[in-house]
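**Q** Each chain is listed here by its residues.
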Amino acid sequence: GAGVSQSPSNKVTEKGKDVELRCDPISGHTALYWYRQRLGQGLEFLIYFQGNSAPDKSGLPSDRFSAERTGESVSTLTIQRTQQEDSAVYLCASSRRPSGNSPLHFGNGTRLTVT
Amino acid sequence: GENVGLHLPTLSVQEGDNSIINCAYSNSASDYFIWYKQESGKGPQFIIDIRSNMDKRQGQRVTVLLNKTVKHLSLQIAATQPGDSAVYFCAEISDSSYKLIFGSGTRLLVRP
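These protein sequences, in sequence, are chains Z and D. Read the first sequence against my numbering and you will find it ends at 116, with the numbers running on by one and no gaps. Read the second sequence against my numbering and you will find it ends at 113, with the numbers running on by one and no gaps.
Okay, chain D solo, but in the shape it has when bound (with noise of 0.2 Å):
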């Protein structure tokens, strides 16, 4: 299949660790963020969301995290397990505009 995230910056992490991947955006307008995993040879899937009005939101073993003052973003994964390796994208978009911004993308990788 692809070789996704060829040239990405790499997290290794050993499994049953944390996991903090991080995403700086660009845009201070943007009011709704998303965090996609691409695992090689697939399209990007969706894992969590967060509005701009909001500084935190859980869900199962993932949690995100948004800065806007810095305009940052971050998505915490809780044990992390050999099937989360994959390429992780951050994506942003404002309520005015219908195109989705994706961030370069970070390579994770789950040492057994």
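One chain only, chain Z, in its complex shape (with noise of 0.2 Å):
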């Protein structure tokens, strides 16, 4: 069956400008994540939800970030206002279950450049 899949896979876009990143999860996946990577280093937690309500958002760097799901499918992730050092990638991942014995699935991820 299909992966996680996101959209854009890249986007470029001016500082101050708002952005919105789009993730549909496996199908059947009732948890959804949303990581960033730096260049050159790990993955950063922003965010989780388990059907479309969230209960942890204290990952998210800044209220300029914000993000959403419709039932048990697609996130999207909006950026407000993008800065310099929001430019990372912007991974999206599924799985069957929030914890322990359920892998999560990822995607390509969303490259996002602010100039």
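It is possible that part of the hints are untrue.
[Said to hold, decoys possible] No farther apart than 25 Å at their CA atoms in a straight line, the calculated lysine-lysine pairs in the PhoX-like style are these:
| # | chain 1 | residue 1 | chain 2 | residue 2 |
| --- | --- | --- | --- | --- |
| 1 | Z | 12 | D | 43 |
| 2 | D | 57 | Z | 58 |
| 3 | D | 72 | D | 57 |
| 4 | Z | 18 | Z | 58 |
| 5 | D | 100 | D | 72 |
[Claimed, not checked] Which chain D residues stay away from chain Z? Per the calculated CB distances, all over 10 Å, these:
| # | residue |
| --- | --- |
| 6 | 15 |
| 7 | 17 |
| 8 | 19 |
| 9 | 22 |
| 10 | 46 |
| 11 | 56 |
| 12 | 57 |
| 13 | 60 |
| 14 | 63 |
| 15 | 66 |
| 16 | 73 |
| 17 | 105 |
| 18 | 112 |
For the record, the hints were derived by calculation from the structure and aren't laboratory data. Cβ atoms here follow ideal geometry from the backbone N, Cα and C, with glycine treated the same way.
Since each chain sits alone in its own frame, please combine them into the complex, following the hints.
**A** Laid out in structure tokens, this is it:
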């Protein structure tokens, strides 16, 4: 079956503009995660969804970041008034269950460049 | 594509040799551990996992070893191939959590 799909794959935007990143998880996966990866670094947790609720938003770097999810399907991550420090790859992952025994399956990410 | 692993520790091995990638994890309460492989321009790909009630698990050409006493995890790749060149991340999670925590990664280079 299809894996996790993210769009766009690349996004270049000017400082101060808003961007919206999309994630289509694997069908039937109830848990959905957003991570950020800066160049040459590891993965930084941003937010987790169980269904369409987000019990933990503490990983979001600032109030310019927000995310929502429709049912157990598509999620969007929105960054308002983008800054150059927001430049990174934004990775989405889904899993059957939110915790142990269920590995996360990742998309290929959206590479965001803020000029 | 993206140059993943620009500033990461690097392990260089000869094609055909065995590779061992190490990881020190942080949380003694972690119950579940996963190794991921990330190629340039792609998302992390699941390789193998292990629960905390095990100390060894084998897959195809890969073995994961877990030493809970010293909070150490290793990934062994047998007969390393050029296609194994990538950045490898360990990740940990506890049963009471939902947040998978990633290590900083190791870049594996396979010399032909």
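**Q** Against each hint, give a clear statement of whether it holds in the structure.
**A** Hints versus structure:
1. In summary, the hint linking residue 12 of chain Z to residue 43 of chain D is supported, as the alpha carbons are separated by about 15 Å, within the 25 Å threshold.
2. With a C-alpha separation of about 35 Å, the suggested pairing of residue 57 of chain D with residue 58 of chain Z is violated against the 25 Å cut-off.
3. Among the hinted pairs, residue 72 of chain D with residue 57 of chain D is consistent with the structure: their alpha-carbon atoms are about 14 Å apart, no more than 25 Å.
4. The straight-line distance between the Cα atoms of residue 18 of chain Z and residue 58 of chain Z is roughly 22 Å, inside the 25 Å bound, and the hint therefore holds.
5. A hinted pair counts as satisfied when its Cα atoms are at most 25 Å apart, and residue 100 of chain D with residue 72 of chain D qualifies at roughly 18 Å.
6. Distance check for residue 15 of chain D against chain Z: the nearest CB is about 25 Å away, which clears 10 Å, and the non-interface claim stands.
7. Even its closest Cβ contact with chain Z, about 28 Å, leaves residue 17 of chain D beyond 10 Å, as expected for a residue assigned away from the interface.
8. Non-interface call for residue 19 of chain D relative to chain Z: holds, since the shortest CB-CB distance, roughly 24 Å, exceeds 10 Å.
9. No Cβ of chain Z approaches the Cβ of residue 22 of chain D within 10 Å, the least distance being about 14 Å, so the stated non-interface status holds.
10. The beta carbon of residue 46 of chain D sits about 7 Å from the closest Cβ of chain Z, which is not more than 10 Å, so the claim that it is off the interface is violated.
11. Listed as a non-interface residue, residue 56 of chain D keeps its Cβ farther than 10 Å from every Cβ of chain Z; the least gap is roughly 17 Å.
12. Under the 10 Å C-beta cut-off, the non-interface status given to residue 57 of chain D relative to chain Z holds; the minimum distance is some 18 Å.
13. No Cβ of chain Z comes within 10 Å of the Cβ of residue 60 of chain D; the nearest lies about 13 Å off, and the non-interface call holds.
14. The beta carbon of residue 63 of chain D is kept farther than 10 Å from every beta carbon of chain Z, the shortest such distance being approximately 14 Å.
15. Look at residue 66 of chain D: its CB is around 18 Å from the nearest CB on chain Z, clear of 10 Å, so calling it non-interface holds up.
16. With 10 Å as the threshold on Cβ separation, the claim that residue 73 of chain D sits away from chain Z holds: the shortest Cβ distance comes to roughly 18 Å.
17. Not every C-beta of chain Z lies more than 10 Å from that of residue 105 of chain D, the closest at about 5 Å, which undercuts listing it as non-interface.
18. Once the 10 Å rule is applied to beta carbons, residue 112 of chain D is consistent with being away from chain Z; the minimum gap is 21 Å.
Violation of the numbered hints given earlier is confined to hints 2, 10, 17; the remaining hints are satisfied by the structure.
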